[in-house]
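Visitor: Here are the chains, one letter per residue:
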Amino acid sequence: MLLGTLIYGFINSCILALLALGFNLTFGISGVANFAYGAIYIFSGFLTWIILNSIGLPYLLSVVISILCAAIIGLLVYYIVILRVKGLALSEVIATFGLGLAIMELFRYFDFVGFKYTLPVFFDGSVGFGEVYVDYQRLFIALIAVGLTLFLYLFTRHSKTGLAFRAIAQDERTALTFGIDSDRIGALSMAFGAALAAIAAIVILPLGTIAVEGGYEVLINALAVCIVGGLGSTVGILVASVLIGYAQTFTANYLGPHWMMLVSLIAIAVVLTIKPSGLFSRQKELEERI
Amino acid sequence: MKKRKERIDRGIKARSEDIFALSSYREMLYLLVPRAIPVVGLLGVAPFLSPYWQEVFISTSIYALLAISWDLLISAGLVSLGQSLFYGIGSYIAGALNHYCGWSPLFTIPVAALGGGLLCTVLLLPVLRLRGIYFAMVMLVLPLMLSRLVEATRILGGTEGLPGLTPFPNQLIALYVVQLAVLAALFGFRRIMASDYGLVVKGINDNDRSVMSAGINIYLYKTQILFIGASVGSFAGALGTHIDMFAGMPGFALDYAIMPIAAAVVGGMRTFVGPMLGAFLLVPLSEILRALGALRIVFYGLFLVVFIVALPEGIFPYVQRKYHQLERWVELE
Chain A
1 MLLGTLIYGF INSCILALLA LGFNLTFGIS GVANFAYGAI YIFSGFLTWI
51 ILNSIGLPYL LSVVISILCA AIIGLLVYYI VILRVKGLAL SEVIATFGLG
101 LAIMELFRYF DFVGFKYTLP VFFDGSVGFG EVYVDYQRLF IALIAVGLTL
151 FLYLFTRHSK TGLAFRAIAQ DERTALTFGI DSDRIGALSM AFGAALAAIA
201 AIVILPLGTI AVEGGYEVLI NALAVCIVGG LGSTVGILVA SVLIGYAQTF
251 TANYLGPHWM MLVSLIAIAV VLTIKPSGLF SRQKELEERI
Chain B
291 MKKRKERIDR GIKARSEDIF ALSSYREMLY LLVPRAIPVV GLLGVAPFLS
341 PYWQEVFIST SIYALLAISW DLLISAGLVS LGQSLFYGIG SYIAGALNHY
391 CGWSPLFTIP VAALGGGLLC TVLLLPVLRL RGIYFAMVML VLPLMLSRLV
441 EATRILGGTE GLPGLTPFPN QLIALYVVQL AVLAALFGFR RIMASDYGLV
491 VKGINDNDRS VMSAGINIYL YKTQILFIGA SVGSFAGALG THIDMFAGMP
541 GFALDYAIMP IAAAVVGGMR TFVGPMLGAF LLVPLSEILR ALGALRIVFY
591 GLFLVVFIVA LPEGIFPYVQ RKYHQLERWV ELE
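Chains as they are written, first to last, in my numbering: chain A, 1 to 290; chain B, 291 to 623.
Calculated directly from the structure, the hints in this document are not laboratory data. Do not take every clue at face value.
Label-pair distances were calculated between CB atoms; the ranges are [as the list claims (entries may be wrong)]: (1) B:V599 - A:I72: 17 to 27 Å; (2) B:A581 - A:Q170: 36 to 46 Å; (3) B:V596 - A:K116: 45 to 55 Å; (4) B:S313 - A:T177: 53 to 63 Å.
Simulated crosslink set (DSSO-like; lysine-lysine; CA at most 30 Å straight-line) [claimed, not checked]: (5) B:K293 - B:K612; (6) A:K275 - A:K116; (7) B:K612 - B:K295; (8) B:K492 - B:K292; (9) A:K86 - A:K160; (10) A:K86 - B:K612; (11) A:K86 - B:K292; (12) B:K295 - B:K492; (13) B:K293 - A:K275.
Note that the structure is a prediction, hence the values are computed from the model and not measured. Every residue gets a Cβ at the ideal spot worked out from N, C-alpha and C, and that includes glycine.
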């Protein structure tokens, strides 16, 4: 029982980290809180399903296409919407929130509800640790989470675009004097965030059905991890996803699954009240509270 | 005889937006007519509607109340992504008092308005220091949290809610109560914001630190504004719950969070008339589009995006400007 909880808690932490990576990337670099994040997640899930089942392309190809589509949507949203309201936090939030709402409810309108909307798992079967059995898909999720984190770490330190990302995040004006185009980097960060959401969706969604409500939960979970860890801090994300992941799994096991979502919500409320910059943030305190 | 064009507000607007020098009935009418439109429009038209559209009118007015209270909060820089918190708490207080204690709506509604305002203020007191998007995120999360809490602990009827509440004696009474409330909130809030008190509130929104350095306790102001806004929101919730004869988790639903924002963005923020106008455009529109089902929310979402990008000031400030710019022909002397 305890071993199972520990293992599943770890996997839950990996899921949360995967969910939060994209949101965090976009916010950390361009300062845009992308409230359409959950919608992009759900969108890529459904898009993969449509390409796979209605058009009939092979799974791997449909995965690649939907990741690319998500990235393109991120780019478009940035250039068409965000760029015009850049810097007005309230307008950014309302615009992305409205957009996310529109995308998600559009799927509800077209009746994308039901148990048939599931994605196939990458690897079938399971492996036993003692008396606890874990299916390969969950191990795969953990692998992808670790892999993506490593990739992002290397990318932001050893590639020109990645260095530009960090430059814009640290000081936009100074970065501008070095010839870094902050609009282009902002758009790229949005595209990267959307692509990460798509990857997360494709890896995580095979565990259950694709549901519109899932979009809201993804947004809340991503927000919870980012807020607890500190918006824009990667170390914070990892620590926070472990904290919240284990907290969720333990509550689900010992109190009942109803309470699971409550953990993220309470975590958001408590951390924002006590230390709004989160556990590991480098954000400026005065900008968030007075 | 030569003529030239002249703006009709010439000679009226002597110093600023709100200080007027009136010298004739014509000029008084110029100011009075726009203010009479909502009063006549609400109280005069409503009784002649069919019962179905009266119902629509009631729910429109409830959304308008929520939107106006949203606007009051935004005037003090408090971005609320969860008006449903106020609506839900108001509806649960009124519902519980009616369901368990058997109080009549005459008492539950005022108690729910004041109690709900107080409860929300106490609940939000710790996060009042947060600014901008951080406060917005707390507001987004709280109603979700409360509804999950109700679901998990099964208090107050759990997912079933509290059914069978006392309705209003007849629809016309409900209609007039809610419309008088809308008018009171509209003109009251405009009055507040036009006073010196409102000036401080606006200042908090524009630059809170400089208001602090003027020796003003901004938390006191924020708390008061929050209390007023939350009371109006809870009042709307209490009214709505007695009209629906039901209090439950739908009170915390996203509808009540997104509609007021959409109305305010479409109508024009920080004007109070704007959000009301927005509600009276969007809710009946959504009623006409009822056949479309979930597509309505898609439209709200797109409305939000289009207005934020294309007409960020909203409809009302635009119309207001055009009204002030109306011209008439006058003879040259």
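Visitor: Hint by hint, say whether it matches the structure.
Guide: For each hint, the structure was consulted:
1. Range check, V599 (chain B) to I72 (chain A): about 19 Å between beta-carbon atoms, so the 17 to 27 Å window is met.
2. Separation of A581 (chain B) from Q170 (chain A) is about 52 Å and departs from the stated range, judged on CB atoms against 36 to 46 Å.
3. With their beta carbons about 34 Å apart, V596 (chain B) and K116 (chain A) fall outside the hinted range of 45 to 55 Å.
4. Separation of S313 (chain B) from T177 (chain A) is about 58 Å and conforms to the stated range, judged on CB atoms against 53 to 63 Å.
5. Distance hint between K293 (chain B) and K612 (chain B) is fulfilled; the C-alpha atoms sit about 22 Å from each other, no more than 30 Å.
6. Between K275 (chain A) and K116 (chain A), the direct Cα distance comes to roughly 43 Å. Violation of the 30 Å bound is thereby established for this hinted pair.
7. A C-alpha spacing of about 15 Å is found between K612 (chain B) and K295 (chain B), which places the hinted pair at or below 30 Å, so the restraint holds.
8. A threshold of 30 Å between alpha carbons decides the hint, and for K492 (chain B) with K292 (chain B) the separation of about 46 Å lies outside it, so the pair is violated.
9. Distance restraint check for K86 (chain A) and K160 (chain A): the Cα-Cα separation of roughly 24 Å lies within the 30 Å cut-off, and the hinted pair is therefore satisfied.
10. The hinted pair formed by K86 (chain A) and K612 (chain B) meets the criterion: a straight-line CA distance of about 28 Å does not exceed 30 Å.
11. Among the hinted pairs, K86 (chain A) with K292 (chain B) is inconsistent with the structure: their alpha-carbon atoms are about 50 Å apart, more than 30 Å.
12. Of the pairs offered as hints, the one joining K295 (chain B) and K492 (chain B) is violated, with about 36 Å between alpha carbons and a cut-off of 30 Å exceeded.
13. This hinted pair does not check out: K293 (chain B) and K275 (chain A) have alpha carbons roughly 67 Å apart, beyond 30 Å.
Checked against the numbered hints above, the structure violates hints 2, 3, 6, 8, 11, 12, 13; every other hint is satisfied.
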